[in-house]
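> First to last, the protein sequences are chains A and B. Throughout the first sequence, residue numbering follows our numbering, covering 1 to 461 in sequence. Throughout the second sequence, residue numbering follows our numbering, covering 1 to 170 in sequence.
Honestly, I wouldn't trust all of these hints.
[Stated by the list, open to error] Some chain A residues near chain B, calculated using beta-carbon distances under 8 Å:
no., residue
1, S229
2, T233
3, L249
4, G251
5, F276
6, A277
7, G361
8, A365
9, T379
10, E407
11, A408
12, G428
Calculated from the structure, these hints are not laboratory results. We put the CB at the ideal spot given by N, CA and C, even for glycine.
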Amino acid sequence: MIRLFTFLAFVVAVATPAYAQQPAPPVVPMAVPAEDEEIGLTGRVTDESEWQDLGIAIPAFAADRDGPTPANSQGTSALGVELARVIFNDLRNNGLFRPVGPDALPRPTYPQITSPAWATWRGRSAEMLVHGYVRAGNDDRLTVGCYLYDVQLQQELVREGWVVAPADWRRAAHKCADLVYSRLSGESPFFDSKIAYIAETGPKDNRVKRLAIMDSDGANHRFITNGQSTALTPRYSPDYSKIAYVSYLNGFARIFVYDIGTGSQTLITQSPNPTFAPRWSPDGRWILYSMAASGNTDIYRVSAAGGGSPQRLTDAPGIDVGGSYSPDGSRIVFESDRSGNQQIYIMNADGSNQRRISFFGGRAATPEWSPRGDLIAFTHIAGDLRIAVMSPNGGGLRHLTNSWQDEAPTWSPNGRIVQFFRTQRNSGETSIWQVDLTGRNERRLPTPVGASDPSWGPVLP
Amino acid sequence: MKKIAIAVTVASAIALSACAKKAPEELPPPPQTSAPTTPSGPSQPAGPVPGTQQHFVQQMQGRDTIYFDTDKYDIDAEDQTALRQQAQYLQQYPNVRATVEGHADERGTREYNLALGERRANAAKNYLVSLGVSADRITVVSYGKERPVALGSNEQAWARNRRAVTVVLN
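Using the sequences and the hints, build the whole thing.
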């Protein structure tokens, strides 16, 4: 199996894009003519209408020289454009910013990365400016620097840099987008993260379901299982080393843990009964699962390391299923029909003190605790299935979507965005969508085929 | 496939030339065991072998499947009639085993539906056991909403998909 990722090596003090002995050119005067030339190089004419709402300008990253790199067949200069495009797409898709990307902007020169041509950007009404550079080392590794400037103040707000393997170049771009997002919004980062989901193909009565993974923006897509056995409901381990999911490999639902590094698969528990709805504890030490036996489904937890006997957390007659830990791991929100239909309950992590929190019309299912701890996202079933949030005490019900069938929310690592999947009436075709907490910014994620059961992992270290 | 067809052709050609209805008897054992055109008459009874899934389906005439109301898993009078027939069959063929497959309609969340399908299959199994079928002959499996038979998104389709289907194995 392919190794999924290698860790980014942080350059602790990035400082300047090294070709250091050359002094930065004077700020304003010579910048403007140089940029006009650069417009020609990008092959795009700047559309003035795009500038009216410009919040953040993200021109192409500069390269110290146009060197070869395994990350881009056309060299580091072309890679600089791609890096800026990734950042532009990250930032434009969450409703907070109105970025303008490299295809509509002049390209800065390498020395300008640390000494922006202020007049150019001020003249175009840019409030914020993202600059960056990319440099290929002798070992093929890439050094990527990222700078955020306040154009009005003519001041650098933050900078950071990373050394990455060529295959991880997009991660450097996501890290830069995260840096900008965090600095400007005050929120925690989330772009440099991954999603596990189920890829769906084929007709409704013979649907093929495969475990698949992708980056948070849909890039680096990879199928993990071949589709011979139905795969359902994956969950990334908090360190991204494993994926727990349900497979019908032996004819009935059982939870397997797939080790991404080795490709091996292990059952989380030996049982003749079906097991499903796997969930990791935030520290990765426990896996919650649901097991059906003689018509009664209960929630259990088992050591993720293997060994040790499962501990049963619920014993109500009826269906207790799913579960999602609070960020500190002390409590679990879960779903139960012990009151007659699906409702949401909270218990302590050891199963004690179980109590219902959802008291509004309809049924409530698939609760997921926000990584921020302040909200619980769930599927509200009242006629249609809709994504909603409420506070952990059950108050403040708010719908985020309004479609025929939206279900199974999963939180962005920073708790600001919810992903879910949407099923089309009749065809049963599925797709992954995301919506921010205002409910206004909703968009479909690009996936190569149908997609369901998204599971958003944490921000990569 | 091809081979059999050739063999049949040869056999019929010989039959024709012999101009007699018992022509096959003059031949060495021919490779025409499955040919429908052999003039040897209906030597085997048509239809599936008793104790097979095919036979079970034929005998049940739709009563291999029971249906449920939304979110429900109770066995109503109609279900009881069907399950009694299933139990009779299983008692008639004591060597076959059965799997009850539980299903849910698409208008529920995936994991709850897995549990609900198990609960429905288990309700059917329990009824069969109450009629005297040994519990260890029956396994249950839930497919939740993963395997619909009716493909529409309407009440009729959902009603057909909320089901428990008994399948025999031998």
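> All hints are to be evaluated individually against the structure, with a verdict given for each.
Hint check results:
1. Annotation: S229(A) was flagged as interfacial toward chain B, and the flag is violated, the nearest CB pair being 11 Å apart, outside 8 Å.
2. Interface restraint check for T233(A): the shortest CB-CB distance to chain B comes to about 7 Å, inside 8 Å, so the restraint holds.
3. Proximity of L249(A) to chain B is violated relative to the hint, the smallest CB-CB distance being about 13 Å (cut-off 8 Å).
4. For the restraint placing G251(A) at the interface with chain B, the shortest Cβ-Cβ distance is roughly 7 Å, inside the 8 Å limit, so the hint holds.
5. Taking 8 Å as the C-beta cut-off, the interface hint given for F276(A) holds, the closest approach to chain B being about 5 Å.
6. The beta carbon of A277(A) comes within 4 Å of a beta carbon in chain B, closer than 8 Å, and the hint placing it at the interface holds.
7. Taken as an interface hint, G361(A) does not check out: its beta carbon lies about 15 Å from the nearest beta carbon of chain B, beyond 8 Å.
8. Annotation: interface hint on A365(A) holds; nearest CB of chain B at approximately 4 Å, less than 8 Å.
9. This hint holds: T379(A) has a C-beta 5 Å from the nearest C-beta of chain B, less than the 8 Å allowed.
10. For E407(A), the interface hint holds, since its Cβ comes within 8 Å of a Cβ in chain B; the closest pair sits about 5 Å apart.
11. Taking 8 Å as the C-beta contact cut-off toward chain B, the hint placing A408(A) at the interface holds, the least distance being around 7 Å.
12. Hint status for G428(A) relative to chain B: holds, with the closest Cβ pair at about 7 Å, below 8 Å.
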